[in-house]
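Sequences listed follow chains A and B, in order. Residue numbering for the first sequence follows this note's numbering, beginning at 1 and increasing consecutively. Residue numbering for the second sequence follows this note's numbering, beginning at 1 and increasing consecutively.
Hints may contain errors.
What the hints assert, rightly or not - Pairs of lysine to any residue residues, derived as SDA-like cross-links and limited to a Cα-Cα distance of at most 20 angstroms, are as follows:
(1) A:Lys102 - B:Asn100
(2) A:Lys102 - B:Tyr50
(3) B:Lys70 - A:Tyr101
(4) A:Lys3 - B:Pro61
(5) B:Lys55 - A:Leu48
(6) A:Lys3 - B:Gly58
(7) A:Lys102 - B:Arg44
(8) A:Lys102 - B:Lys57
(9) A:Lys102 - B:Glu62
(10) B:Lys57 - A:Gln2
(11) A:Lys102 - B:Asp28
(12) A:Lys102 - B:Glu30
(13) B:Lys3 - A:Leu48
(14) A:Lys102 - B:Ile60
(15) A:Lys102 - B:Arg68
(16) A:Lys3 - B:Ile60
(17) A:Lys102 - B:Lys53
(18) A:Lys102 - B:Asp96
(19) B:Lys55 - A:Ser98
(20) A:Lys102 - B:Arg73
(21) B:Lys57 - A:Ser98
(22) B:Lys57 - A:Thr100
(23) A:Lys3 - B:Leu41
(24) A:Lys102 - B:Met27
(25) B:Lys3 - A:Lys3
Since the hints were derived computationally from the structure, they do not count as laboratory data.
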Amino acid sequence: AQKITQTQPGMFVQEKEAVTLDCTYDTSDQSYGLFWYKQPSSGEMIFLIYQGSYDEQNATEGRYSLNFQKARKSTNLVISASQLGDSAMYFCAMREASGTYKYIFGTGTRLKVLA
Amino acid sequence: DVKVTQSSRYLVKRTGEKVFLECVQDMDHENMFWYRQDPGLGLRLIYFSYDVKMKEKGDIPEGYSVSREKKERFSLILESASTNQTSMYLCAGGRDRAFNEQFFGPGTRLTVL
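Same shape as in the complex, but just chain B (with noise of 0.2 angstroms):
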């Protein structure tokens, strides 16, 4: 059973602290996403992965980076956390291909106070 798995479900930190959010899959995809989900606006991606090393931004990559080092692993990282970027923030994996399904994460419901 293929499986993607994130750091947290719930997280809650402070303005201005750094926040890492880690995706793990298990299916040896070459791509890697993060998105975040709020009410009204849907899936958003902000960045996006295609090989280890390798990243291209999303539509909403502001106040966000990401890391790739291994095939496994796909970080989040909060430079600077703001009010703004409480949300949930939803992990995925694909082949290669243009006609495959994501793979989803639980999801990890960040609040920033």
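Bound-form chain A, shown alone (with noise of 0.2 angstroms):
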């Protein structure tokens, strides 16, 4: 079955320097693809980055970028020179190719970034 685990509830992260939330996934499908939003405090998620399972490389959008490791199972987000804007919570999303037109979100990772 489908799973997604973010094991950090919370992170800091001083402004300006990089930071790496981390997600895992289960899946028995050879096809999927792996998202990341960001939810500010006024509620609207915001997609950031996609990262296919067939893609050799790994994605990046701007400030955004992923680490994926498929035999490990896992797509940790980094964001570089972080920005008090970037204070959020983050969720990570995975949707298999085949079977359900479904998501699957991850409980979220509250960063805070410290001035």
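Join the two chains, each given in its own frame, into one complex according to the hints.
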């Protein structure tokens, strides 16, 4: 069965430093997509970055990058040069290519950037 | 700019009331989803729809129903609201392809007294 695990309920990082948010997943499918979303205090979920299971290179989007380790079934989000506006909840999600249309979400990590 | 809107940001209802949460998307997306978000539990899927008049149960459908009469609108119905349905409700839309992201509405924070 699909499962997403985020083991860090909360993280602190100093402004301008890099931070890594962990995410592991479980699936028996060979083809799947992995997603990260940001949820500021306003509540709206914002899509950040995507990694496909067959992508050979780690995804990058501006200051966001993924450390995708397929054999270990992990897809950690790296935020470089943290800014105060990065303080938010971060969710990892997965969708398998076969079967249903469902996305599975982790429980989230609350990141606080310190000035 | 793609948009998903939800009828209310905040809603207060009484136990036993019938509650309608409305979601509208302007992206012409096939798929629409309703989640509830609770602290420490992340997002849990209530129902989703992959076409007009089509619906599938998610992980926690008990106490909820849905309606999708038009492609752009997906309604979540609480037939008889209970206090344990106090939560944040998030609607999302997405393309009918495995590797496309979802687009979320701003959420409705529902309190059932």
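Check: Regarding the pair Lys102 of chain A and Arg68 of chain B, is the alpha-carbon distance no greater than 20 angstroms?
Finding: Holds - the C-alpha atoms of Arg68 of chain B and Lys102 of chain A are around 17 angstroms apart, at most 20 angstroms.
Item checked: Hint consistency between Lys102 of chain A and Arg73 of chain B [alpha-carbon to alpha-carbon, up to 20 angstroms] -> Given pair Lys102 of chain A, Arg73 of chain B holds - Cα atoms ~19 angstroms apart, limit 20 angstroms.
Checklist line | Distance restraint between Lys55 of chain B and Leu48 of chain A, which requires alpha-carbon spacing of 20 angstroms or less | finding: violated, 28 angstroms
Note to self: Hint check: Lys102 of chain A vs Lys57 of chain B, CA-CA at most 20 angstroms. Holds or violated?
What the structure shows: Distance of about 10 angstroms is within 20 angstroms: holds.
Next item on the list: Please work out if Lys102 of chain A and Arg44 of chain B have their alpha carbons no farther apart than 20 angstroms.
Entry: Holds, at about 10 angstroms.
Notebook entry, point to check: Is the hinted pair Lys102 of chain A and Tyr50 of chain B satisfied, with a Cα-Cα distance of at most 20 angstroms?
Noted result: Within the cut-off at roughly 10 angstroms; holds.
Check: Is the straight-line distance between the alpha-carbon of Lys3 of chain A and that of Gly58 of chain B 20 angstroms or less?
Finding: Status holds; Cα separation ~14 angstroms.
Next item on the list: Decide if the proposed pair is consistent with the structure: Lys3 of chain B and Leu48 of chain A, CA atoms, cutoff 20 angstroms inclusive.
Entry: holds, 16 angstroms
Note to self: Against the 20 angstroms threshold, does the CA-CA distance of Lys3 of chain A and Ile60 of chain B hold or violate the hint?
What the structure shows: holds, 16 angstroms
Item checked: Lys102 of chain A paired with Lys53 of chain B [C-alpha distance capped at 20 angstroms] -> The hint holds at about 18 angstroms.
Check: Would the pair Lys102 of chain A and Asn100 of chain B pass a check requiring their Cα atoms to be no farther apart than 20 angstroms?
Finding: holds, 12 angstroms
Margin query: Given the hinted pair Lys102 of chain A and Ile60 of chain B, is their Cα-Cα distance within 20 angstroms?
Written below: holds, 13 angstroms
Hints 5 and 25 from the list above are not met by this structure, while the remaining hints are.
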